[in-house]
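Enquirer: Listed below are the residues making up each chain.
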Amino acid sequence: MVGITSYGAYIPRYRINRNTIYSAMGWLNPATLMPGEKAVANCDEDNISMAVAASLDCLNGLEREKIEGLYLATTTSPYRERQAAGIVATALDLRPEIRTADFTDSIKAGTTALLAACDAIKGGSAKRVIACAADSRLGKAGSAQEEIYGDGAAALLLGDSGVIATLEGSYSVSYDFTDHWRGEEDKFDRTWEDRWIRDVGYTKFIPEAISGLLKKYELSIKDFAKVVYPALYVREHAAIGKGLGADPGQIQQQMLATVGDSGVASPLMMLVAALEDAKPGDKILLASYGNGSDAMFFQVTQEIDKVRDRRGIKGHLALKRELTSYEKYAAFRGTIPIEKGIRGDEIAFTQLSNLWRERRAVLALYGSKCKRCGTPQYPPQRICVRPDCGAIDEMEDYRFSDKKGHLFTYTGDSLAFSTSPPAIYGMIDFEGGGRYNFDLTDCDLDSIKVGMPVEMSFRRKYADPARGIYGYFWKAVPVQA
Amino acid sequence: MAEGIKDKVAIIGMGCTRFGEAWDKSADDLMIESSMECMEDAGLEKKDIDAAWWGCCFPMGGLSGLPLSMLLKLPFIPVTHVENFCATGTEALRAASYAVAAGVYDIALAIGVEKCKDTGYGGLPDFGGMMGGTSRWDMPNATAPGLFAIMATSYFAKYGLSPEEGKRTLAKIAVKSHHNGTLNPKAHMRREITVDEAMNAPIVAWPLGLYDCCGVSDGSAAAIVVRAEDAKKYRPDPVYIKSFNIAISSGEEKMYTDWDYAHVETTVRAAAKAYKEAGITNPRKEISMMETHDCFSITELTEYEDLGISPRGRAKEDVDAGFFNLDGQIPNQPDGGLKCFGHPIGASGLRMIYEMYKQLQGKAGPRQIKNPKIGLTHNMGGFPPMNVIGISILGL
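If you read the sequences in order, they're chains A and B.
Numbering follows numbering that gives the first Met the number 0, with no gaps: position 350 of the first sequence is 349.
Numbering follows numbering that gives the first Met the number 0, with no gaps: position 250 of the second sequence is 249.
Just so you know, the hints here were simulated from the structure itself, not pulled from any lab data.
Treat the hints loosely; a few may be bogus.
Below, in silico cross-link-like pairs of lysine-lysine (DSSO-like), each with a Cα-Cα straight-line distance of 30 Å or less [stated by the list, open to error]:
#	chain 1	residue 1	chain 2	residue 2
1	B	K185	A	K403
2	B	K7	B	K45
3	B	K157	A	K448
4	A	K339	B	K5
5	B	K275	A	K339
6	A	K126	A	K313
7	A	K214	A	K282
8	B	K272	B	K7
9	A	K126	A	K282
10	B	K46	B	K185
11	A	K221	A	K305
12	A	K402	B	K157
13	B	K362	B	K5
14	B	K46	B	K24
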């Protein structure tokens, strides 16, 4: 029995109302108006940081050392070459003896990664593999994509024991359908005519894959508690289900008005939402879209009730802060150049050999814990920092990334360059011991207080686009009550 | 058995440039100016100097002994570059003093300089690249105002001060230093300010505003030292070194959880050793005047407690009472301090000593303190959780 054993999701905290975008840019393209809001990655978030967040949600309480593979689906990696899955696996503190791969270049890559993970387990080469998907796609100012695209991530743990939803079958179609594309130098998607995409691609491939699956396994659409497929258009999303003979209640609610079209993450995020409400015995049908479609179906088991403490889609949808400024949104996503000053432009070269040596400390937030006095300390020390101990080379590894902490003291620095000034940082004291200085994120100065609880979040620390380097580290996020 | 430095070394000459935004002067120009004033004050020529230590913190002042030696055309004598963050100037004079005290040389020069205003932006030069190790990733994108502002946040929280109360106390510190600066022709900033102006100034790093932050300046200061027994050969009023102490963070402040971020532990440690070396048992009574490291107003506030002048958590009362004003019991920053005299990093430690030297000689003009006996300088480099403290005690 192979299938999903855990799930998690991540939706960035910032949301922008589409009216805010339309008020700023609607003059250019009046036909773009769409209802609702969309999720916006903070200026220190990208596909990699969101994949880490969703995977941490998925792995909550599970033994990370038993994971044997990590597949990351994304079309928005900052690196053309440097495996994003490798960064994510290091941040998650997975052991090195695993398979990692990026699945990319099509927004159906999320389901393809999911299928590949299941195949690896079925084939006996791994027992537990994470398939995660994250995208943070850009639309040009005033484009329909700018309004539709939203940011998010989902993660599914696949395995052969403790399965909460067994994978019962799949059916795929693949076409070189060039509805949108990005060339070697493109930052933004290029697209063909929207009506052609809608009528010849979106409303055809999903039904074709689903019908193929139903026929292959001699099932009826009525057999499914939920039918899950991404939404590119509100009306056609409903029409696809209706055309397949599904009742409106069978169709998993689309998230265009809350998250937006999150690319590769979209079908997986909707699957997580479906699992959050699923009951044992439910059948769930999932189909993706993008250069064809992958369809697959799952049977929910009794184990589902053991995986209810995830923040998931519901939890993350509830944690939101409105971004009221279009200009701030555009600066966060890098669609307009902003003045950084010479201080902001000064970026020291990244010592990659140093990063390799210290990868566990930097990317997985490992410190050390003194075996003699038990004091946790960051960064890892060879000589114990506790004044009355001072033990030499008696340390064991100690992971801080999953420790809660509280804000000991802080500032909001208006002199340091930040895309979201003031730069807020301070000292964090960890539960169980240990103290260090960290940036704070997803908060503003007025809302933080000495002593408030925080949790750690993997973020992009800096971008050095001139050298093609993106640096990552952990920041503290105030825990919302 | 170590005996300490008390009364073994005397300063016989000093020089100090005006501090400020010296757009038309290089680090070289500033060092020539301070060293010439210093040698003239000592009545010496450069051929008399046996060895030199010079300090600058940021590489734009130059590195190695060469910039000073080649600039002054020093005749093949030992010249060493020293750096210890903002305590660099104190460190240069400490090295020169120890060398003459050891009897290795008769006459040694210490000089500090910084050319801060060639970066193209406000504030100190970015130190992101200077911290080494994994700081590229694990240090917040922080500036000096921010790292000290954090201390104001925790000080206010620890002692139950509202931001309004806390900022009012800090404002009084700035107002006092601005007043002193108006009396000093060499000060960077020479303008009176009011408490309201200071409290309502734009925030640089919460809760610190513009007037809580010192000037970022170009400048240079220099001193010549000889053994105490030789001092009167050069001048009738040499100033004697009673103590030099440097204390550096062990890492426990930043990484262990005992420290309160509401005081600077290194100051406490260095002060205890300095008082012992100088034979001071009651600093509040025995010290005549001070120049403490007021890179930020909160730094100065906590120093009063860390130096043992004010009771813990109660420096505010002394500030409110004007204890540290020019006409108070222990005037602090009589020359305007870092706040208004300015802060060219590598020069500041020597600048503080320059003011004590002039005050002890009775040559401080309109800001002259009446009959001072003992002056203390406190020079801090780095940030509250990881720093260098240099304390000197000087007297006649």
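Enquirer: Now, for every hint given, state plainly whether the structure supports it.
Expert: Going through the hints against the structure:
A distance of roughly 52 Å separates the Cα atoms of K185 of chain B and K403 of chain A; the hinted pair therefore is violated under the 30 Å criterion. For the hint pairing K7 of chain B with K45 of chain B, the CA-to-CA distance comes to about 23 Å; that is within 30 Å, so the pair holds. A C-alpha spacing of about 13 Å is found between K157 of chain B and K448 of chain A, which places the hinted pair at or below 30 Å, so the restraint holds. Between K339 of chain A and K5 of chain B the CA atoms are separated by roughly 50 Å; this puts the pair beyond 30 Å, and the hint is violated.
A distance of roughly 49 Å separates the Cα atoms of K275 of chain B and K339 of chain A; the hinted pair therefore is violated under the 30 Å criterion. About 29 Å separates the Cα atoms of K126 of chain A and K313 of chain A, which keeps this hinted pair within 30 Å; it holds. Between K214 of chain A and K282 of chain A the CA atoms are separated by roughly 16 Å; this keeps the pair inside 30 Å, and the hint holds. A hinted pair counts as satisfied when its Cα atoms are at most 30 Å apart, and K272 of chain B with K7 of chain B qualifies at roughly 17 Å.
The straight-line distance between the Cα atoms of K126 of chain A and K282 of chain A is roughly 23 Å, inside the 30 Å bound, and the hint therefore holds. For the given pair, K46 of chain B sits about 28 Å from K185 of chain B by alpha-carbon distance, which is consistent with the 30 Å threshold. At most 30 Å may separate the alpha-carbon atoms for a hinted pair to count; K221 of chain A and K305 of chain A meet this at roughly 27 Å. Between K402 of chain A and K157 of chain B the CA atoms are separated by roughly 25 Å; this keeps the pair inside 30 Å, and the hint holds.
Between K362 of chain B and K5 of chain B the CA atoms are separated by roughly 24 Å; this keeps the pair inside 30 Å, and the hint holds. The straight-line distance between the Cα atoms of K46 of chain B and K24 of chain B is roughly 26 Å, inside the 30 Å bound, and the hint therefore holds.
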